[in-house]
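Novice: With the hints as constraints, model all of the structure from the sequences given.
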Amino acid sequence: MGLLTIIRKNREKEKEMRLLFLGLDNAGKTTILKKLNGEDISSISPTLGFNIKTFAHGNYTLNIWDVGGQRTLRPYWRNYFEQTDALVWVVDSSDRARMQDCKQELHSLLTEDRLAGASLLVFANKQDLHGSMTDAEIRDALDLPSITTHRWRIWSCSAVTGANLVSGLDWVVNDVAGRLYYSTTTSPQAPPPPHAIPGTAN
Amino acid sequence: MDNSKWTFLQTFTPQFQAIASAKIEAAKLAPAPTQESFQDISVLLSKATKILADATGGIPTYDQRQYEIQLKAFERSIESLRASSAPKPKFAFKRKAPNPGAVATSTAQVAVAPTPTPAPEAPSSTSSNLVLSSQSHKYITRADLAAHAQQTDLSIFDLEHCVVDLLPPDASDAPDAKKHISISALHARNLTDCVLLLPTVEGSALLHDMTRCVIVVGCHQFRMHSSTKIDVLLAISSNPIIEDCKAIRFAQYPDIFKTPSERTQTLPTICVQDFSHIRATPSPNYSTMTDDDRVGLADALALAHRSRSSIDELSDVLLPK
Ligand SMILES: Nc1nc2c(ncn2[C@@H]2O[C@H](COP(=O)(O)OP(=O)(O)OP(=O)(O)O)[C@@H](O)[C@H]2O)c(=O)[nH]1
Ligand SMILES: [Mg+2]
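Order-wise, the sequence lines are chains X and E.
Numbering of the first sequence is given in the numbering used here, commencing with residue 197 and proceeding in unit increments.
Numbering of the second sequence is given in the numbering used here, commencing with residue 911 and proceeding in unit increments.
One thing to keep in mind: the hints can contain errors.
[Claimed, not checked] Simulated restraints, written as ranges between beta carbons of each label pair: (1) Ser-363(X) x Lys-1231(E): 49 to 57 Å; (2) Pro-341(X) x Pro-1079(E): 49 to 57 Å; (3) Thr-357(X) x Cys-1181(E): 26 to 34 Å; (4) Gln-1175(E) x Ala-337(X): 37 to 45 Å.
Source of the hints: derived by calculation from the structure; they are not laboratory data.
The beta-carbon is built from N, C-alpha and C at its ideal position, and this holds for glycine as well.
Specialist: Now the structure itself:
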């Protein structure tokens, strides 16, 4: 049996989504995924290359790609764009000094053709730390309101406490599902507005 | 178990390996490996990885792990090949010109790198962002810090010829909460000829642009960039990483500076990863300190800590210019 046959078969059988987790180094991408998956988060090393996690979320199987954000690895991010249904951009809310860098990297991703249709969830992570920037501050620092090419939401969360991780994932999965698996006429819920209203998670 | 997946996976690895290594060989032989040949291999790798991800739960965990290791090895060889054939400017990369038809909010081409990221902002009004900056020839202790929350971020930048000693005067009386400072993350940038004596940082230690320094710290993660001639004495259970660094030496955090409870913990051997040397050969950019050097350094630091030696008295612990 050939490669393509297998791929096709799997696509038919189950409802799948491919989520790409990106963000600067130290943002907490790997910690979020391990926490969501119920794994130990006490001795995670910086990611050299990538990790893949596959898990069920509601009726969907999520294939999640977590690619390292260290500067040397960023040129390789593009190798993972293919067939991405949603981009999850993770931000270290306590890292004020690098917000500019963070904004530039995000906005340059959004010009990539191969990410054109993807929904965007911004996780404002590390909210458990005192002195972290709020989601509203990060929304402005990253200039999210200027985004017109992608439907987006910003979500405060903490990978350490687990707060808001699941609800953030819910938003993005529903948003993708609305696009991929329901046509607009048969949609059980009204599809969200063209680009979601900047909102807070809590 | 899903039989089709199982059957497929049995033939998957040999097939994939044959194709991938043929392509890698071809790319190596080509006078200048083209962007397309990398693209090709990357697509293949993505497909294979995807199939493997799909099979999760359908094949034994051990096999799954073996396949993942093999795929990672391929990814590494592609990356090193790409790195070795890439035009030199280290981190700069150009984007393909966007397709005319593409949706684009901005056409700005972002050149990431040689320009350093902006220095941390001026001290903010929140006392949970502690900043220590622009000093020279000082011995700085906790008493010199601005008022701060008990749990705080610590940013240290633009120091030269300084000792920053935030250890309690006597490690054995550490559990006193009032004297305890809990650092959620350490950001250090642009330090030259400095010694940092720090307790355990709960989050990451992020360091940039350091020259001829000694860093004594415990932390959850250690990430150092663009630095040269640094001795790092580290208490850590994850892998410390370096990027764009040279002449770095690593050793364990000295027992003498540990709190009694830290002394009882055993830490794994330090396993450094050099993000600027992603290939099979050992990195030339760091080494493990010899036991003699480590003990000599720890003794000199312990003495400095007790007697508040100035950096000039400590100059022989810094690596020479
Ligand atoms: N306090 C706090 N620390 C966090 C949180 N999430 C992650 N961290 C810490 O931040 C550091 C970086 O986490 P990682 O998950 O390795 O970050 P990453 O985004 O995967 O980094 P790369 O792999 O280099 O791209 C670790 O020390 C984590 O423990 C959080 O919500 N709160
Ligand atoms: Mg990671």
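Novice: Hint by hint, note whether the structure agrees.
Specialist: Quick rundown of the hints versus the structure:
| no. | hint | in the structure |
| --- | --- | --- |
| 1 | Ser-363(X) x Lys-1231(E): 49 to 57 Å | 55 Å, holds |
| 2 | Pro-341(X) x Pro-1079(E): 49 to 57 Å | 51 Å, holds |
| 3 | Thr-357(X) x Cys-1181(E): 26 to 34 Å | 29 Å, holds |
| 4 | Gln-1175(E) x Ala-337(X): 37 to 45 Å | 38 Å, holds |
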